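Novice: Protein chains in written order, with my numbering: chain A, 1 to 531; chain B, 1001 to 1171.
Keep in mind the hints are simulated off the structure, nothing from the lab. The model shown is predicted, which means the values in this text are computed figures rather than measured ones. Using N, Cα and C, we set each Cβ at its ideal position, and we do this for glycine too. Heads up, a few of these hints could be off.
[As the list claims (entries may be wrong)] Chain B is faced by these chain A residues, among others (derived, beta-carbon under 7 Å): (1) Phe221; (2) Asp284; (3) Thr285; (4) Gln289; (5) Ala292; (6) Glu302; (7) Ser312; (8) Leu345; (9) Ser348.
[To be verified] The calculated label-pair distances, taken between Cβ atoms and stated as ranges, are: (10) B:Leu1012 to A:Arg151: 56 to 66 Å; (11) B:Leu1012 to A:Ser353: 13 to 23 Å; (12) A:Glu402 to B:Tyr1021: 51 to 61 Å; (13) A:Pro169 to B:Arg1093: 50 to 60 Å; (14) B:Asn1104 to A:Arg23: 55 to 65 Å; (15) B:Val1139 to A:Ser429: 22 to 32 Å; (16) B:Leu1012 to A:Arg154: 53 to 63 Å.
[Claimed, not checked] If you only want the chain A side, here are some residues facing chain B, beta carbon under 10 Å, derived: (17) Tyr203; (18) Gly205; (19) Asp212; (20) Val219; (21) His279; (22) Tyr283; (23) Glu303; (24) Leu304; (25) Ser400.
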Amino acid sequence: MRDPPPGETLAALLRLAGLRDCREEGGGVVYCRAGAGEGIRAAARLHEDSGCRLTTCLAYDYRLVDGSFHVVYVFDCPRLGRYIDIDIAVSDSSIDSLAAVLETMQCKWCEWEIRDLYGIGFRGHPGRGRLVLPDSWPEDYHPLRKDAPSRPPRLERPARRRARGPGLPLGPYHPALHEPEYFELEVEGERVKGVRYRGFFVYRGIEKLAEDRFRAEQVPFLAERICGICGFVHSTTYCMAFERAVGIEVPERAKYLRSMLLEIERIHSHLLCTAVMLHAAGYDTGFMQLMAVREEVMSVAEELTGNRKTYSANTPGGVRIDPDDSLVREAVERVSRAAEKAVKLARSFLEVSEVYTRLEGVGVLGRRDAWRHGALGPVARASGIDVDVRRDHPYAAYGSLEFEVPVRDEGDCLARYLLRLDEVLESASILRQIARSIPRGPVVNRDYDYAELRVGQAASEAPRGECIHYVITGVSGRLWRWKVRAPSYNNIPLLELMLKGYLVADAPVIISSIDPCFSCTDRLIRVKRVG
Amino acid sequence: MVGRLTALLAALRTGRLTLPYPYQPAPAPRSYRGPPVFLDDCIGCGACTYACPAGALSLRYLAGDDVVVLEHSVARCIFCMLCADVCPMEAVRRTSVYELATDNPAELVQRLEHRPAHCADCGAAYSTLRAVSEAAGRVGGIQRYMLRCPGCRAVEVASVIASSRRGGGLA
């Protein structure tokens, strides 16, 4: 990560990239329109020279409105506190691939997904075959197009493929991984030499479901079910995106309550991840003890919202719960105490030398790779990348709360483990501030009018990193487009870099150290409750 | 060695956490969101069926339009309580039940029967008698439009407009 030249401003940056048609909207998102060639050139320049980096790309079908598909490249500029969206209208169903220029993982994946789901060709794109859809899916059926047939096609049984070379399968069902994903490890003796990943086994088109069947104010309940652990992040981010699109002011108290639940969720998610890392390293005593402490956090969530995990607490315009002050204080106190106890325990487990040596120096992700390929959240911060959406692009109540963003430089599993523990303590301190300073007042603002064909984008810091929702409102209260980019979507492809050169036996530890959420990445509707 | 001792001490201090459930009941906290129960105050207006994100609620006209049934399926319910939020009669009560497993699927469905209101013009069932009388009570008396189905209302409005037009370009 290079430091931007001093005194750099947004205007200078846009000039440097050659972007002319830009407007800034609420939430610090700068929407720029560009032609195909000019847009890709601007994107390449932004990613390489400016302190910004590509975080994801997405597409939407606007043929009924202006006759073309659109591809949007989303850039995160943490120092400027802005997101820059480069919106390219695709008239002839193919454009030059940005992934071919940047050669980065996040770009490769998001363009690949667009090719599968929208049938937009990316000239020079490195991916062969399918990313999201099954291999035997028909070539001319692109499910997210607005004119896609309503019924899925009959699929042929996929041909049996023989692994190329001495591939060692890990998954799709594996005792150490818990979710369906498939890694094919090329090994030389005990060393991993290469990795091929196949995921999206549980892609079920949740975005299409929302566009077709749900009204905008019902979508939070669907969004919440994207993830079995950090569901509240998704419903909050969706609500913020929708609120920005339509222009809804959220009451201050609702913002604080959102932050409170988000931090409670971060604590229980981080404790789960550390516990699972210990489990993958073969130390089940640690797993059990941490999960026992985590249980306290889950029951506090249940008492606050009526459920351990699926809070159903969000609605466009605010929240649906209004706990009184004594309940908030008691809940925060219980969660903070549990968090401190868990962190003490988790640190003490590192004194067991077998655990320590399984984590230390394993699965190193370098700082430059982490920045270029779009690593997010604890994975990025453990590799020395100082990003955190809560601080860089404040949302909910984070603008008025004080907290540190822990960063470590080692980039190994141990760093990711310790970093999460530091973050749990920060979350506990944030919760205490919220209990002290939460304002009184209404918790929801329902005084708004639906607006058609408006764009809203929101980002939040999920426990696993930056989570992005992109909303275009449609007609009659429905959504035209809803795009969800969960943090694991950027982190999972980086496993290829992290696994290379380490032992096969380290693979489950390394995989669990990025806290992958395959259901978020695949965007399934997960009905199983966690815990 | 020290680490192992710490873990051992922690385990001893924590003790046994497993409850002897189901031999001993383990009630959910009072705030727990279990399945909703629909009370007799229901007027069958259908607001909850429109709000429900999961499609767990339906209002159906059965037996040749002689009965209107509000049906709630626990199997589809996501316990979000939006139905309670929108109910004009406060006829939806939250419960804290969570032991819902059953070998009889009929137990997962709650049905409330209503008498339908028939359109004064075309005779089709379009609402329930209780919903119409509740609406009349709220606006202070029966209005002419309340007794007609939405289709006939639209026709009547259109014909009133058409009959009041004088001249103009279109016949």
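Novice: Out of the numbered hints, which ones does the structure contradict?
Specialist: As far as the earlier hints go, 2, 12, 15, 17, 18, 19, 21, 25 are violated by this structure, in ascending order.
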